[in-house]
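Visitor: The primary structure of each chain is shown beneath.
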Amino acid sequence: MRLELVKRPQRSALFSTISPLIALVLTMAAGAIMFSVLGKNPLDALYYYFIDPLRETWSLHELAVKAAPLILIAVGLSVCFLSNNWNIGAEGQFIAGAIAGGILPVVFPDFQNGLVLPLMLLMGFAGGAAYAAVPAFLKARFNTNEILTSLMLVYVAQLFLDWLVRGPWRDPGGMNFPETRDFHAFAILPELMPSAGRAHWGIVFAIVAALVLWFVLRKTLTGFEIRVLGQSPRAGRFAGFSAPRMVMIAFLISGGLAGLAGISEVAGAIGQLQPSISPGYGFTAIIVAFLGRLNPLGIVAAGFVLALSYLGGEAAQISIGLSDKAARAFQGMLLFFVLGCDTLIHYRIRLAGRAPTARGEAAQNV
Amino acid sequence: MFESVLITIATAATPLLIAAIGELVVERSGVLNLGVEGMMVMGAVTGFGVAVTTGSPWLGVFAAILVGAAFSLLFGFLTLTLVTNQVATGLALTLLGLGVSGMIGEAFIGMPGQKLGIIAIPFLSDLPYVGRFLFAQDPLFYVSLLLVAGVAYFLFYTRAGLTLRSVGDNHDSAHALGIKVIAVRYAAVAFGGACAGLAGAYLSLVYTPQWIENMTAGRGWIALALVVFASWRPWRVLAGAYLFGAVSIGQLHAQVIGVSIPSQFLSALPYLATIIVLVLISRNRRLTMVNTPACLGRPFVPAR
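Protein chains in written order, with my numbering: chain P, 2 to 367; chain D, 95 to 398.
Think of the hints as simulated: they come from the structure by calculation, not from any bench. Source: prediction; values computed, not measured. Be careful, since some hints might not be right.
To be verified - Straight-line C-alpha distance at most 30 angstroms; calculated DSS-like pairs for lysine-lysine:
(1) D:209 x P:8
(2) D:274 x P:326
(3) P:41 x P:220
Stated by the list, open to error - Pair ranges (Cβ atoms, derived):
(4) D:381 x P:209: 41 to 47 angstroms
(5) D:366 x P:212: 36 to 42 angstroms
(6) D:395 x P:17: 41 to 47 angstroms
(7) D:366 x P:113: 32 to 38 angstroms
(8) D:395 x P:18: 21 to 27 angstroms
(9) P:176 x D:383: 56 to 62 angstroms
(10) P:212 x D:101: 55 to 61 angstroms
(11) P:321 x D:395: 40 to 46 angstroms
(12) P:175 x D:221: 52 to 58 angstroms
Stated by the list, open to error - Incomplete in silico selection of chain D near chain P, CB under 8 angstroms:
(13) 172
(14) 176
(15) 178
(16) 179
(17) 182
(18) 189
(19) 192
(20) 193
(21) 202
(22) 205
(23) 322
(24) 365
Note that the Cβ used here is the ideal one computed from N, Cα and C, for glycine as well.
So here's chain D without its partners, still in its complex pose:
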């Protein structure tokens, strides 16, 4: 019982985690991409479509990553090259993604999907209590953990990571030092898009192997909130994602046990939890200011 609850929490947390860790890198470079929801839903429809037509869920995963990255470059072109407002452009990306995915996905409604299988690591998966939870999961679960570790290492233990953070904290100084600010930001945006695409593929290839219009249901936005919650630190994103996973799974278990609260109220819990958490985190103004990348959302036009 305990372990199966843990496993369902992991399935709810993993897409949030993957999307949030990508957005964390984007925001660390000083760019606020509010299009996570749109890139994620594009990843979901691409992953599903490619998996169904080719019969290979893995091809679906790779296609979703590519489409997520390509889609994010649209945002990159507007905000980085044409210096449009990042908030508005991110919203545009979300609206476009929801519209285009609905159109592409119309052919897939009601079709049975492909599911990524489980990879069980011998011996370790037989451990009591946590064996199946940690060592007999879908492949993207392992990927999500590797991503967190990789991003944490990259940001804080490599020179390239330092460069990326410097671009996010002071793009004028970084530019003066000869760093190609725009190029770094393009790379970060594309990475964030790839992660969002992967997170979308998780939804349509692991979580519920079918296509439902708007199946991301606000998870992209929750991922954005997670980045704030984690105060832009990778390992805290991991903690936050599992916390939110627990909240959204809690409602399912509450329904099974037969708690007599209308299901709509339980479904609203993750959204309300997001608001409460955001309030608790941002209450301390000074703490937020210390952690927020200083150039977050600010446009950069190189002075010549």
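Looking at chain P on its own, in the form it has when it is part of the complex:
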């Protein structure tokens, strides 16, 4: 017995829609097994993971806080992945955006007026884009593998932020804690409904970005260019599209959005710079992008699912003492299942007997 793939004449519309859902169900099943191995009641665990965080208004706000960076980063990554550019350094671009945006409130704390926040957001976007431009330039100019360079820059960004908050940017009045001064009131990204919860404008940015990129990918020539160069670089060249230019565009968009996510996170949810400002959003966003099938609207939904897994991880830890590390294992499993299920879009899977003989073929075709 072995698995055999039979190519479908056309991609299956049915499975394009439901393959992420199948993956979610399979992940929950695998998760239930994992939880029982850990000695927890799997139904309890799944309840705390996926239902409990949805029951109260404040935790719905927390969901939006967590979903915002994931969606912002993932819609940018979708442009990269669709055009066959593998930017996996979004975590670094997120940090670069947070640092660049943080310059105003940390280094110029006396500059306080209504201009500060828009400038910070702009600088955050620019910082992330500039940081992403490094691997993009190296790929376009020197043919350097962008996967490795963008990832290496994550470690560099983390170390640089660590140096800043422990060294030159440390809060002079902060008892030597490794953190910058608190951002002043003009530098804080406002909450949407302060009386109800912590959700801030980041989620609005995320949804607007998703809508804009959905339009660009679907309805514009640039979107077409992205797809063609991703699926067939040769065809793209014949059409007169420039691959090196696309490398730069894809990285600048995704880096910029990751940077915007970074500054939104520190100006919205955290309020200062610390040695660690992200629980791996830049990497989790890769899962979000694939779960959303690289479609910006799908990514909005996927962003909330993964945000739920972060919150659920916390809820399960508090209520039934499940390690919060389980959430990361869970997220990893999800990506595996998503990729595996996507095979169903292009292939039918069947169990074949031994070598396909004429009789076996006939029997299977009945």
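Could you slot chain D onto chain P? The hints should help.
Guide: For chain D alone, kept in the frame of chain P given last:
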């Protein structure tokens, strides 16, 4: 002094070397497994856990090899049987490995570990300057050198090695010749996983005998870069690994001497060095194209 520096370089280089030589075989068969970091960290946590619970570091080493190989077969099943995208699946393997190892390892945080002892070869280890460096090392150091020699011999002097390279360079022709492309690739992927697991065990049983979450700290990725740096040639991996070992050890010695550069900048050196080296190597487009296995990363579905 000179010799002790050499020895510390060897401890930094050995895990990179073991992981990279495994990935080299995988890539020579035409498969790009970006999950090295994940397999390595799984090896590290398994090696540590088994060594601590059984009291035998050797059992830890073997368990790490098995888990690394088993973990890589997950990747193999998806990319080879279900023909998923290799880049995305490799990333998934890394994310899964980091998550699962963090969960398993939570019980081991802060526990004292087991350490593999040093094997000194009589007489030879007394040689001046290089005796201790070459002949009084931990057992996995010798294993790493044997692996390089073995892989170099296998790839270029055996028929099976030729078969593996042919699968990596043109899987359609290999298939037409009756070679079982998928089977060869499964074997290569499992070998790469075993090596990554072993490299992980080196970290948690020799380098720093304790468990720290994410203790691989990007070494799996550096190993991937080493394969490119070595243009898919085993002996060049050896040179590259020691070069990187020297860079990452250089920062420690610089701190001891008291160079007044912030430690974070020194810690960033290996990562920056990786980028610079990659740029220098890939600048020459034609050279890269000659050396890269032609089917690297390309999916194979047998035409029936």
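Visitor: Are the hints correct? Go through all of them and say.
Guide: How the hints compare with the structure:
1. D:209 x P:8: Between residue 209 of chain D and residue 8 of chain P the Cα gap is close to 51 angstroms, so the pair fails against 30 angstroms, i.e. violated.
2. D:274 x P:326: 40 angstroms, violated
3. P:41 x P:220: 49 angstroms, violated
4. D:381 x P:209: 41 to 47 angstroms: 46 angstroms, holds
5. D:366 x P:212: 36 to 42 angstroms: Given range 36 to 42 angstroms: holds, Cβ gap about 38 angstroms.
6. D:395 x P:17: 41 to 47 angstroms: 19 angstroms, violated
7. D:366 x P:113: 32 to 38 angstroms: At 37 angstroms between Cβs, range holds.
8. D:395 x P:18: 21 to 27 angstroms: Taking Cβ atoms as reference, residue 395 of chain D and residue 18 of chain P lie about 24 angstroms apart, which means the hint holds.
9. P:176 x D:383: 56 to 62 angstroms: 57 angstroms, holds
10. P:212 x D:101: 55 to 61 angstroms: 59 angstroms, holds
11. P:321 x D:395: 40 to 46 angstroms: Holds, since residue 321 of chain P and residue 395 of chain D (Cβ atoms, about 44 angstroms apart) stay within the stated range.
12. P:175 x D:221: 52 to 58 angstroms: Because 55 angstroms falls inside the window, the suggested range holds.
13. 172: Holds, about 6 angstroms.
14. 176: 4 angstroms, holds
15. 178: 4 angstroms, holds
16. 179: 7 angstroms, holds
17. 182: 6 angstroms, holds
18. 189: Because about 4 angstroms separates residue 189 of chain D from the closest Cβ in chain P, which is inside the 8 angstroms limit, the hint holds.
19. 192: 7 angstroms, holds
20. 193: Holds - the Cβ of residue 193 of chain D comes within 8 angstroms of chain P, reaching about 3 angstroms at its closest.
21. 202: 12 angstroms, violated
22. 205: With Cβ-Cβ at 16 angstroms, over 8 angstroms, it is violated.
23. 322: At 6 angstroms from the nearest chain P Cβ, residue 322 of chain D passes the 8 angstroms test, so the hint holds.
24. 365: Holds - the Cβ of residue 365 of chain D comes within 8 angstroms of chain P, reaching about 4 angstroms at its closest.
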